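Residues per chain, in single letters:
2 protein chains.
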Amino acid sequence: MNRLEQKIISDGIVREGNVLKVDSFLNHQIDIDMLNWIGEEFKRRFSDVKVDKILTIEASGIALASVAALHFNVPVLFAKKTQSVNVDGEKFCSQVASFTHKCINNVFVSKNYLKAGEKVLIIDDFLAMGSALEGLTDLVRQAGAEVAGIGIAIEKGFQEGGRKIREKGYRLESLAIIDEMDGTTGTIKFRQ
Amino acid sequence: MNRLEQKIISDGIVREGNVLKVDSFLNHQIDIDMLNWIGEEFKRRFSDVKVDKILTIEASGIALASVAALHFNVPVLFAKKTQSVNVDGEKFCSQVASFTHKCINNVFVSKNYLKAGEKVLIIDDFLAMGSALEGLTDLVRQAGAEVAGIGIAIEKGFQEGGRKIREKGYRLESLAIIDEMDGTTGTIKFRQ
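Residue numbers (this note's numbering), protein chains in the order written: chain U, 51 to 242; chain H, 51 to 242.
The hints are simulated quantities; they were obtained by calculation from the structure and are not laboratory data.
Model, not experiment: these values are computed from the prediction.
Just so you know, not all the hints are guaranteed correct.
Chain copies aren't distinguished; within one or between two, either way the pair holds.
What the hints assert, rightly or not - Below 25 angstroms or equal to it, Euclidean Cα-Cα: the simulated BS3-like pairs (lysine-lysine) are:
id: 1; residue 1: K71; residue 2: K152
id: 2; residue 1: K169; residue 2: K93
id: 3; residue 1: K100; residue 2: K218
id: 4; residue 1: K161; residue 2: K57
id: 5; residue 1: K165; residue 2: K71
id: 6; residue 1: K71; residue 2: K131
id: 7; residue 1: K130; residue 2: K57
id: 8; residue 1: K165; residue 2: K100
Could you put together the complete structure from these sequences and hints?
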C-alpha cells in the first residue's frame with residue numbers, strides 16, 4: 051500500500067451511504083506532510099506532462115492543489131461555487147451536482163485566468179460520481195484550454211466517475227482507488 | 051516595500067466601495083511563489099512562538115494557511131461555513147459577517163480537531179472589519195485553546211478590524227497594511 055492508502059486505513063472512517071470520512075487529515079483538518087507527499091506523487095506521475103496551470107474547486111481541493119503547485123511551480127486557479135446564476139460576460143460557468151450536500155452548484159472561473167491553449171492539470175481530493183470533474187473539464191473546454199491530466203487523491207472506484215472520465219480519454223491518476231467499502235465492518239479494499 | 055506590497059501595487063486593482071481586487075494572485079488565481087514567500091515571512095515573524103496548529107477559514111484562507119503550514123510543520127484546520135444552524139454536540143460554532151457578500155455565515159470546526167491547550171496560529175488572507183477573526187478567535191476560546199498569534203496577508207488599515215484585534219491584546223502580524231486606497235485614481239498607500 052502507498053502512503054495515502056495506509057493513512058486511509060489507519061485514520062479513515064467508513065460511514066453508511068458510501069461515505070468515507072477523512073476529515074482528520076484531508077478535508078477539514080489537514081496533515082500537511084501527507085499533502086506534501088501527495089503533491090510529490092502527482093509531480094512524479096505527471097513528470098512527462100507539460101502543465102501551465104493547476105485547476106481545482108473550492109473548498110477541499112484548494113489545500114491539495116496549492117501544495118501540489120509548489121512541486122509543479124505553476125499558478126493555481128480554484129473554481130468558485132455560487133447558488134446565484136449571475137451570468138456575466140466575465141466568467142466561464144458550469145454546473146456541479148454535490149454528492150455530499152445533495153444539491154446543484156453553479157461553478158465559475160474568471161475568463162481572465164483560463165486562457166486558450168493553456169495546459170491544465172485538474173486536481174481534486176475525491177472522485178465519486180464525477181460531477182465536479184465534469185464541471186471543471188467543461189470550464190477548460192469553454193476556455194479553449196486543454197486538460198493535460200487529472201490528479202485525484204481518493205477515487206471511489208465502485209462509483210461511476212472514474213469509468214466515465216477514463217472513457218472520455220482523459221489521463222486520470224488516482225492515488226488511492228477504493229473498490230469496496232463496508233459501513234458495517236469498516237473494511238476498505240483498494241484496487242491494485 | 052516588501053514583496054507582497056510590490057505585488058499589490060503591480061497587480062492589485064482598487065475598486066469603489068473600499069474593495070481591493072487581488073484575485074489574479076491571492077484569492078482566485080494563486081501565485082504559488084508569492085504564497086510561499088508569505089508563508090516564509092509568517093514563519094520568520096512568529097519564529098519565537100510555539101505553534102501547534104494553524105487555523106483558517108474557507109475558502110480563500112486555505113491556500114495561504116496550507117503553504118504556511120509547510121514552513122511551520124503543523125496541521126491546518128479550516129473552519130467551514132454553513133447557512134444552516136445545525137448545532138450538534140460535535141462542533142464549535144460561531145458567526146461571521148461577510149464584508150464581501152453582505153451576509154452572515156455560521157462557521158464551525160469539529161470538536162475533534164481543536165483541543166484545550168493547543169497553541170493556534172490563525173492565518174487569513176484579508177483583514178477588514180475583523181468579523182472573520184472574531185469568529186475564529188471565538189472558536190479557539192470555546193475549545194479552551196490559545197491564540198498564539200494572528201497572521202494576515204493584507205490588512206485594510208482604514209477599517210476597524212486591525213484596531214479591534216490589537217486592542218484585545220492579540221499578536222497581529224499583517225504583511226501589508228493599507229492605510230489609504232482610492233477607487234478613482236487607483237492609488238494605494240501602505241503603513242510604514
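Hints versus structure:
1. For the homomeric pair K71 and K152, the shortest alpha-carbon distance inside one copy (17 angstroms) is at most 25 angstroms, but the shortest distance between copies (32 angstroms) is not.
2. Proximity of K169 and K93 under a CA criterion of 25 angstroms is satisfied intra-copy only: 15 angstroms inside one chain copy versus 33 angstroms between copies.
3. In this homomeric assembly, K100 and K218 come within 25 angstroms of each other (Cα to Cα) only inside a single copy, at 20 angstroms, whereas the closest approach across copies is 49 angstroms.
4. Taking the closest pair of Cα atoms, K161 and K57 come within 25 angstroms of each other only across two copies (21 angstroms); inside a single copy the shortest separation is 38 angstroms, beyond that limit.
5. Taking identical chains as interchangeable, the C-alpha atoms of K165 and K71 lie at most 25 angstroms apart only when they sit on different chains, with a minimum of 20 angstroms there against 36 angstroms within one chain.
6. For the homomeric pair K71 and K131, the shortest alpha-carbon distances inside one copy (22 angstroms) and between copies (18 angstroms) are both at most 25 angstroms.
7. For a Cα distance limit of 25 angstroms, the shortest separation of K130 from K57 across copies, 23 angstroms, qualifies, whereas the shortest one inside one copy, 29 angstroms, does not.
8. Taking the shortest alpha-carbon separations for K165 and K100, only the intra-copy value of 15 angstroms comes in at or below 25 angstroms, while the best inter-copy value is 43 angstroms.
Consistency note: the structure conflicts with none of the earlier hints.
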